[in-house]
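Student: Quick note, the sequences are listed as chains A and B, same order. 88 is the number that our numbering gives to position 88 of the first sequence; each next residue is one higher, with no gaps. Plus 1000 on top of the position in the second sequence (first one is 1) and you've got our numbering.
Calculated directly from the structure, the hints in this document are not laboratory data. Hints are not guaranteed to be accurate.
Unchecked claim - Stretch by stretch, here's where chain A covers chain B in the computed footprint (C-beta under 8 Å, at least three residues):
no., stretch
1, 1097-1110
2, 1234-1243
3, 1307-1315
4, 1328-1337
5, 1376-1387
Unchecked claim - Computed list of chain B residues with no C-beta within reach of chain A, every gap over 10 Å:
no., residue
6, E1002
7, H1018
8, G1065
9, S1275
10, K1356
11, I1359
12, W1480
No residue lacks a Cβ here, since even glycine has one placed at the ideal position from N, Cα and C.
Spelled out from the first residue to the last, the chains are:
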Amino acid sequence: MSVKIDDEMIDYVGILAKLSLTPEEREKAKEDMNRMLSYIDMLDELDTTQTEPMTHIFPVSNIFREDEITNGDSSEAMLENAPSQKEKQYKVPRTVE
Amino acid sequence: MEIYELTALKLGQEIKKHRVSVREAVQAALGQIHKNEEKIHAYVTVEEEKALAQADRVQKAIDRGELEGPLAGVPAAVKDNICTEGMRTTCSSRILSGFIPPYSAEAVKKLEKAGVIILGKTNMDEFAMGSTTETSWYGPTRNPWNTAHVPGGSSGGSCAAVAAGEAFFALGSDTGGSIRQPSSFCGVTGIKPTYGTVSRWGLIAYGSSLDQIGPVGRDTADCAAVLDIIAGYDEKDSTSMARDKYSFSEALTGDVRGMKIGIPQDYLGEGLDDSVRQAVTAGAEALKECGAIVEYFNLGMVEYAIPAYYVIASAEASSNLARFDGVKYGYRAADCEDLHEMYKKSRSEGFGEEVKRRIMLGSFVLSSGYYDAYYLKALRTKALIKQAFDQAFSRYDIILGPAAPSTAPLLGDSLCDPLKMYLGDIYTVSANLAGIPGLSVPWGTDSQGLPIGLQLLGDCFREDNLFKAASACEKIRGRWQLPFAAKNSSDSEKREVLGV
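Here chain B stands alone, though its shape is the one from the complex (with noise of 0.2 Å):
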């Protein structure tokens, strides 16, 4: 097995034992990016130099005795909305190009003292407004397991560098589903936390109130280890919840014998392709022979998320890209007579069509006249949204369900129509206004070989209850190959007891 075959927990394994070193694994993930950029383009920038002066570095920590955690050597990405000190963050737009942020991001501070190596960071659509990043400045990226199609979004960049072994795991972050849609589309596992587990310091803000930065990895258990990593309170982040005592790592047992699973009947309606439909329930029927209760039930609510999501992030998208006025950093219009004309002309020379036609809503809606019709009315409507949420936790430990109506579509076909691309948040966006967790795992691939993902959702603060059914998920399912690896031949065998 080549090195970057390995989970980033085995790797972290193998560089404890001295069997690799961190250069080695550095180089590893290097060779794949050199290997497959050209085709994939999952990263915005890559720091091969950094990367390796820090590998030596860690390397000495870890001969030392300094750096025993689970991840110490472990090469990984970062979504380019995630500041890193001296590391361009541009979230993948013309106005901030060349931006070299004086700061790392909290939950990037936390992986580098766990040892992490940044390789670089990863494309995205322009400030994570999209599910396809192919509204991106620097170009769109492709999707691993077919480069005809997208790889979702808007982390598509880091699901795609997972996917294609150019990096060990990925931070994400999810506003709508931002984590979860691409770990589907992409074969990856990607994890949304409640809100306010990890904390936002340092994340280029597009909707507070919905924004969490996650882990996407190769398995679940890659993703609880640097969940344990980078969760945590922390005060510079006003709406960062401290929370009892957890380990993430500690809830992966496989064992759903007698968790309450329900599955919305509102999920499996009109608009779901069948192929989806039919791994989701396979997906239920297998974990109901592991011991799990799974019941259909009725959400409710579901059609509305969509509208009153867009409102909300929209509203709150404006008000939060203000800052942008080509004054502290960024792009800066030339030629410009006055002060006004600068701010006009940087914002609409440096936004791109998606985040301009957001930021055009979301003023509008928190306009005079308009503020209680739109922006309150979704209010109203996210509590509701949340009660519906309340009332199925009241009765099941998980919510499982498709991640997206469909596999990766291709290249081009989503963005001629805006409203159609919203509508393929409608499973996501509700965990957003929820405040709940979220998670995607590989369940089996289509008729044309693109992944299926698997959504669990769970009640706030109980991340433990989907780690614990994805990890059965993976047990049932078996080995999950990724695109760099060699295709097994026995997979049609396996296909058939997933329903896929």
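For reference, chain A alone in the conformation it holds in the complex (with noise of 0.2 Å):
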């Protein structure tokens, strides 16, 4: 496997990552990026082909609960760590034309 990150890929990276990067800040992404991937073809080494890939360490299943609100309304606490807001909502910028 020799997968490069190349000028296409980097954007659509970016696009996923949702960041824009500066025509500097992109050369280096690509030169880091392909440097660690090469490092990263090393797991290439390793027969997986009977090993189940392995989210949990221990057999976690998961936990269901009745919809009951235990917490009370901290709108406002958490609406003071917004950039902006207005009557009791977030603000952003225009979404639609």
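Please assemble the complex out of the two chains, which come individually in their own frames, going by the hints.
Tutor: Okay, structure coming up:
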């Protein structure tokens, strides 16, 4: 496997990550990622055909509960952290034309 | 002896006996903060007034007999990625500058309930991504043993605060070694508990499947006492484990007779500094003399832990850090025409270089077409690493090794080469992948006078073995002088015994 991060891929990653990079940052990111990915390719040495992916160390399962409100109304405290708010709601720049 | 020189447990006893007031204890820590912070910069936020007011409340509760725990009235510091109600919590990032959590993390609540006073929030690598505490938006922390060196990271502020006498203990978090490595570099004791032991509720997530909160203290007894308080099942954390009855403090017997200790040959090879290697082998010899059975063995999978870790941690980080978008809290870029531009600009200006690097790597390994080859491959590797540890723990009670390949590097030496910095995590990341507990206990110093810690790893839920062996190491090592105390001249004799 020799995937390399080219211009097209770094732009795509920028979209996924919601980051805009300056031309210098973009070049640096390409270089860093390619270097890191060639290092990660070391994992190809391992035969994992018989191994299941392990997400959790312990056997955990979903924990269900009744949808009951147990916490109080902390909307004011939450909104206090908003960079911009209006009428008890988060205010954001224009989203539609 | 000055108040600030006491261990947390000793201070707790003095407070209980009314020989030291809680206010005096807080003032002692604040005194060290005033004296050292200009040089060390262990804290991002110090809340003097709040701490003093809390001290008076706690004192009253102690006087009324309502607070009887061993750490009631003891001042402590909390890493800045652990939420504290009404106290600024930034993850040392610009994007969370000014964020005031409306609630406290479960671990903090438990400390407060036990009468612990929170002094402030400690510096860290931004979002816990780094090994030096240099990637903080608020500037680096320096090592109290030698301020030209880093304290390690990412819990560098917590470890430096404890080493500098600016807190009697601290909370850190460990995703790939972030408690154990800086503990080693700062000559303090730190433990990453078994995954699921301490609730992650209120810990700002980096790699959720790897993150654990743990204590940093002046000795193992302090760490055990803190862990006794903060551990416990929490229904608010879906990965919290309901453990059988435990008392970590009771495990501090220092008796290692018959204990089986394995030392991985593959931890002692190329890339390890001689001074650290000598400390590990001397530690092994000393434990053997105390009756432990020590064997060298081949752990395997060691070199695959770092690539697997960086894939998994970055993948989880890219998802976890999607919530920072400039809408609900933290930094928002000015003058944005539309919503998407605002997201992108706020994140690009709000995150530092290392965080962006990991978000991009994570987004890539999770993207369609690469998910199987990178992300699933890393999860399969994790399973193999877990198997290697399972095999080792079928033969040994604990694994002994270094916490880091070297002692603390100089400031500025690590950041220029990210891959090289990542390789420094080689002895710590696998414990996070396997979910096992790990502890670093100070053992000696190198020729420059910088501390070296021994890392002890145990099987899942067997912190008791770590505390047992670590307390034995402390007994053998003897009195350990932190940088704020006066130097003792008989240290050189001791060094010979410790092999450093």
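Student: Against each hint, give a clear statement of whether it holds in the structure.
Tutor: Going through the hints against the structure:
1. 1097-1110: holds (count 5)
2. 1234-1243: holds (count 4)
3. 1307-1315: n = 4 at 8 Å, threshold three: holds.
4. 1328-1337: Holds, because 7 residues of the stretch 1328-1337 of chain B bring their Cβ atoms closer than 8 Å to Cβ atoms of chain A.
5. 1376-1387: As far as the stretch 1376-1387 of chain B goes, the hint holds, because 10 residues have Cβ atoms under 8 Å from chain A.
6. E1002: 40 Å, holds
7. H1018: 37 Å, holds
8. G1065: Per Cβ check, G1065 of chain B is outside 10 Å of chain A; nearest 30 Å; holds.
9. S1275: The claim holds: S1275 of chain B sits with its nearest Cβ about 27 Å from chain A, beyond 10 Å.
10. K1356: Non-interface label fails for K1356 of chain B: nearest chain A Cβ at 6 Å, not farther than 10 Å.
11. I1359: 5 Å, violated
12. W1480: At roughly 33 Å from the nearest Cβ of chain A, W1480 of chain B sits farther out than 10 Å, so the non-interface label holds.
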